[in-house]
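So the protein sequences, as listed, match chains A and B. Position 56 (the first sequence) corresponds to 56 in our numbering; numbering is contiguous. Position 11 (the second sequence) corresponds to 11 in our numbering; numbering is contiguous.
Honestly, the hints are just simulated from the structure, not real lab data. Some hints here could point you the wrong way.
Stated by the list, open to error - Covered stretches of chain A (chain B as the covering partner; in silico rule of three or more C-beta atoms under 8 Å from a C-beta of chain B): (1) 62 to 68; (2) 75 to 89; (3) 108 to 120; (4) 128 to 139; (5) 185 to 196.
Claimed, not checked - Examples of chain B residues toward chain A, derived with CB under 7 Å: (6) Ile65; (7) Phe68; (8) Gly73; (9) Pro143; (10) Pro144; (11) Val146; (12) Ser157.
No experiment lies behind these values; they were computed from the predicted model shown. Where a beta carbon is used, it is the ideal one built from N, C-alpha and C, also for glycine.
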Amino acid sequence: MTYQFDFSAVLAQWPLFLHGAWLTIKLSIVATLLGLLIGTLCAIGRGSRNALIARACATYVEAIRNTPLLVQIFLVYFGLASIGLKVPAFVAAILAMVINVGAYTTEIMRAGIESIHRSQIEAAECLALSRAQVYWHVILRPAMERVYPALTSQFVLLMLATSITSQISAEELTAIANRVQSDTFRAFETYAVVAVFYLLLSLVMRGFFWAAGQALFTRRRKLGTPL
Amino acid sequence: MVFNANHLQFLLQGAGWTLLLSLIAFAGGGLVGFVVALCRISPIKAVRWASLGYVQLVQGTPLLILMFLAYFGLSILGFTLPAIVAAGISMTIYVSAYIGEIWRGCIQAVPRTQWEAAECLALSKVQRMALVVLPQALRIATPPTVGFMVQIVKNTSLASVVGFIELARAGQVVNNSLFEPFLVYMLVAGLYFCLCFPLSWWSRRLERRLVVAPRLEAAAA
Chain A
1 MTYQFDFSAV LAQWPLFLHG AWLTIKLSIV ATLLGLLIGT LCAIGRGSRN ALIARACATY
61 VEAIRNTPLL VQIFLVYFGL ASIGLKVPAF VAAILAMVIN VGAYTTEIMR AGIESIHRSQ
121 IEAAECLALS RAQVYWHVIL RPAMERVYPA LTSQFVLLML ATSITSQISA EELTAIANRV
181 QSDTFRAFET YAVVAVFYLL LSLVMRGFFW AAGQALFTRR RKLGTPL
Chain B
1 MVFNANHLQF LLQGAGWTLL LSLIAFAGGG LVGFVVALCR ISPIKAVRWA SLGYVQLVQG
61 TPLLILMFLA YFGLSILGFT LPAIVAAGIS MTIYVSAYIG EIWRGCIQAV PRTQWEAAEC
121 LALSKVQRMA LVVLPQALRI ATPPTVGFMV QIVKNTSLAS VVGFIELARA GQVVNNSLFE
181 PFLVYMLVAG LYFCLCFPLS WWSRRLERRL VVAPRLEAAA A
């Protein structure tokens, strides 16, 4: 093997990498928060007595979960452009990620909501809690507590999946890598450095979610166990 | 130029390559993943730690980056191999880490008493694994494995970045010549849906059956 590894040219671009990583973080946070919101609403919608709403939510989930994110991103970015709505790549990226992660979150939250025992809700009704109170205190929060581990690993996967938005040239970490790679011709080194970045990000995220779980769910049950 | 039969045929050809790459990924990833699963529950501490490190490393890196690393890494080693080899290798690594963890969970879900009973019957370690634990783990493992196959099919779309002409790439090529993104990508998404939905449905069915069966047994007993 005659190849000489040279990381210096790649590492000299570190401000660019940091910039990309920051955009990846921003993209992940926005997509996580909006995805959680949409997912929770759709999970409630799936259990709705209105057949039309339930059907619509189920179709959304199936359509998204059975097609690749890459194609969804292309559809949003180029599709919107072709009907005259020109949005910046970053906005299209966020939109596609939110739609995608919303579907996965729906399924997870639905599992959580279904695990709430009927008698809990009846008891809440007997105590004259309003519908909003029942949903918030009796259904959503315990449901969230139960599916918290599944939710957080989904959000870590989401952070990794933001790399795919580089394909529509949203300037996140992977897109930066593509640029550095074509400037320096050090492809392997560049992607190795970026891989380390992602690894660190996912470790930090997991640590953050663990700490957040400890702070949010103070009853100190082992997370994910039934009540 | 409008969308015609040739374009459709090109897309279908791409779907064929997607299917082939998925099969390669499942076969290769399953094989390596099985070893990973066994290593993760090995009695030797170093093996356990090494396999845990492997899983964490792969699960903490996006598949897209793995694709690039395999593609450029292979060319560093002096091979000029077709894109399908780079895609196949990175998919194998990716699948092995995820499916290995799924299978480890399934092996560990076999009740502890079964392991102990096998030991009491003086079965060797290999016999215990092959005759007692794995057949039961297989039953538990089927629904999540079929579910994960959906992820495999979808994630082969990322092989497009190393120039492998599978379904997503074929869609890009067709779109570049027509500029009808809505039509083309809807068709591509539809084709992926046709590949994935039966798997999702099957996985759900298996899961339901698995949940119902033990309850019936309990009721009979």
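- request: Tell me if B:Ile65 is really an interface residue toward chain A, meaning its C-beta lies closer than 7 Å to one of theirs.
  value: 5 Å, holds
- prompt: With a Cβ-Cβ cutoff of 8 Å, does the region 108 to 120 of chain A contain at least three residues near chain B?
  reply: violated (count 0)
Outcome, coverage of the region 75 to 89 of chain A by chain B - at least 3 residues whose beta-carbon is closer than 8 Å to one in that chain: Three-residue rule met by the region 75 to 89 of chain A, so holds; n is 6.
Interface restraint verdict for B:Pro143 against chain A (beta-carbon cut-off 7 Å): With a closest approach of 14 Å, the B:Pro143 hint is violated.
query: Any CB of chain A closer than 7 Å to the CB of B:Phe68?
result: Holds, about 4 Å.
query: Can B:Pro144 be said to touch chain A, with a Cβ gap under 7 Å?
result: 13 Å, violated
task: Between the region 185 to 196 of chain A and chain B, see if three or more residues pass the 8 Å beta-carbon test, and mark the coverage as holds or violated.
output: Holds, because 6 residues of the region 185 to 196 of chain A bring their Cβ atoms closer than 8 Å to Cβ atoms of chain B.
query: At a Cβ distance under 8 Å, does chain B reach at least three residues of the region 62 to 68 of chain A?
result: holds (count 6)
field: chain B covers the region 128 to 139 of chain A, three or more CB atoms within 8 Å, holds or violated
entry: With 0 residues close enough to chain B, the hint is violated.
- request: Could you check if B:Val146 really has its C-beta closer than 7 Å to a C-beta on chain A?
  value: 13 Å, violated
- prompt: Holds or violated: is there a CB of chain A closer than 7 Å to the CB of B:Gly73?
  reply: Result: holds, 5 Å to nearest chain A Cβ.
- prompt: Would the stated hint for B:Ser157 survive a check requiring a Cβ distance to chain A of less than 7 Å?
  reply: 4 Å, holds
In the structure shown, a violation is registered for the earlier hints numbered 3, 4, 9, 10, 11, in ascending order.
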